[in-house]
Amino acid sequence: MKGYTGKYLRVDLTTGDIRTERLPEEVARKYLGGYGFVGWTLYEEVPAGTDPLSPENVVCLWTGPVAGTPVPVSSKYIMGALSPATGFIGFGIASGGIASELKAAGFDGIVVTGKAPSPQYILVQNGRAELRDASDLWGKTTWETEELIREELSDDEVRVSSIGPAGELLSVLANVTNDRNRQVGRSGIGCVMGSKNLKAIAIRGTGDVEVADLDGLMEFSRDLYKRCRGPATEKYRVFGTPANMLVHNRLGCLPSYNFQKGTFEKVEDVSGERMLETMVKKITACPSCPIACDHINEVKEGPWAGTVSSMDYESLELLGPNCGVSDLNAITKAVELCDTLGIDTISAGVTVSWAMEAFERGLLTSEDVDGLDLRFGNGEAMVEAVRRMSLREGNLGALIADGSARAAEKLGKGSEKFAMVNKKLEWGAYSLRPLQTATLGFATSVRGACYLRSGSYQPDVKGTVDRYHLDSSRGKVVFEGENLYAIIDSLIICKFTRGIYKDNTEFTKLIKLVTGFDWSVEEMIKTGERIHNQAKLFNVRFGAKRADDYPPPRAFEEKLYDDVSDGAIIIRAEYDEALSGYYEERRWDEEGIPTKALLEELGLDATLGV
Amino acid sequence: MEAKKIIVCDTEKCTGCEICEYACSIYKEKRINWSRSRIRHVRIEPTFDIAIACRKCEEPLCIKACPRDAVVVLSDGSVKIDKDKCNGCGWCIEACNFGALKLDWEKKCAFTCDFCADLGTPMCVEVCPYEALEYTTLDQVGHEAGKKAFKRIIEELS
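Going down the list, the protein sequences come from chains A and B. Mapping the first sequence onto our numbering, position 481 (from 1) lands on 965, and the numbers just tick up by one. Mapping the second sequence onto our numbering, position 2 (from 1) lands on 1300, and the numbers just tick up by one.
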């Protein structure tokens, strides 16, 4: 089997038993890799009723077939578990050196079960793995953990994925960090690692990565490198993803003040353009990436001088305008805290903005927020709130450490209405009411509030649909996006490269060069559909129903007024129709349960089907 | 004698993508294995990246260090390791100030960059998507630096 090592590690933390297992070729053909393998692992191994923080939950790390190859931006891995944040499938994809290193070490993935009796980390080296004591690493930040493990092993090239204190303290927003600036951000995978006493996974490999057609793949890759330097990726190269700030503000879909508005009056102060001019110290790339979107900011003055952190659109937007904050220094500091203490920047930003709104509405007292002046726009208070949230410190930390949905449940008083979540996970940095196809895609996503599952914002942003209204035809847009993205997330390649492939035949060409699988476009898309349905089926096992596929109440109950929108709102009947249209396209019933006929056609377990 | 050409890396342009390492191992070894690349990417956190290959030193320490006279200098200034003489002791690797030699565990012998003599331009330079790598002479590097400095003065004065 080419494109795969054909082996994965199974680590039982309870017993300390480590085994190498064979990856069956039929699994590779059926689920391709990455996202597909996460769905397969979790569906096979996590039964209904499992408590996400119990030893019975499984945390897995998978690569896809392109990992470790010269294909542009192919060094990506995925981690998955039953999410403690949503109670459904949880996963996150990160770049950096982990994926290629694991391949070179001889494994496609790692499946971890049980709970270690004391803090430990997994060390994977060429063809073998061991558990090592992590007592001295417990309490350390992710950046310290990476350095300490490299020192301990006297090897600078060891790649490390680790959790910070937030994961140890079981925050459901806890993420996993590797190579300092890359995160498995969403779904609380870091929390599951913390619950298992698993501080880190360290990997070092020096073996070969095998593909079906090396010469053909290098030739294709060189062609793709050239395209990566062309117009399709220019905005990422110059300003990084913060290029979106001004674009989204013009479109009125830049969330500000906890999604109360879609424009921000001080957007110029936090634009990608301003950031490049005043903050960016270095532009860096992940392994095998010819784009280099990663913009590393440095704070030059003030209380946070010397802070260096990686800034992307979502972090900048949600810790910035969505909290009313226009101070790039404060936002850079907040991102550093999130990355080092181990919390997701998206959830952090949207949780702080919820607390700010609750404070301004008088629902949170000064005592509730430890005396902070938690008004919108106060950068210092935002930074301190992020720190307290990550460390569960004080009244404020205790209230918001597990995100806005749980904080709102505790607080009550109607604050649930402005917790900007779907499936209890915080919404990405796209306004709901002026981007209604996007909203449908986010709300129906299997991992919750997700902008990365279908690219459903694209038709809205490009203007190919009426973005202020919904109808049943939008289901098809989400359906098609999800099926293709399931392939992208299973290969796994960076979504920023999607525009450089001329059409879907180039994805099948890539698959053939790497794995030798000679798929038609139809077979590939069908595989994407299978992968997505497998993930959905896992959610059905955990009780997913129609009500879970709705955006937060603000979308339906408050009209949006700002510099661009004049009373935009999502009409509930239109949303209902669009959602039904999506289910119909998917061949799911009105509650979003896949039909038996569909599951059988896709070769999936039909037990839960209708 | 023709001026020696070496691979220089513009650290402002280098992003740490390691595509040079992939390209090198694929071209020179016909396999994907970046640990067998002749050029080596080094990142010093948080913001410094460089790719380094053999510098064609005037007085190569690798040659001096070899107890078996297995390292010899060629007419273009690059060094070649005589596989029959090398026993993989690794002193040349220790001696090199740039980490430009590596040990081949399978062949039990050291290896280093030959600048893709058969290609004219080294593959890494050819492939670097950021044009951070250049195959050039130190004299030309100096000339370019002078030009750049002078351009800045002109811009400041105008």
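Hint data in this document are derived by calculation from the structure and do not stem from the laboratory. Just so it is clear, CB atoms sit at the ideal spot from N, CA and C, and this is done for glycine as well. Among the hints, a few may not be true.
Stated by the list, open to error - Coverage of chain A stretches by chain B, computed from C-beta distances (three or more under 8 Å per stretch; other residues unrestricted):
| hint | region |
| --- | --- |
| 1 | 549-562 |
| 2 | 771-777 |
| 3 | 990-1002 |
What hints, given by number in increasing order, does this structure fail? 3
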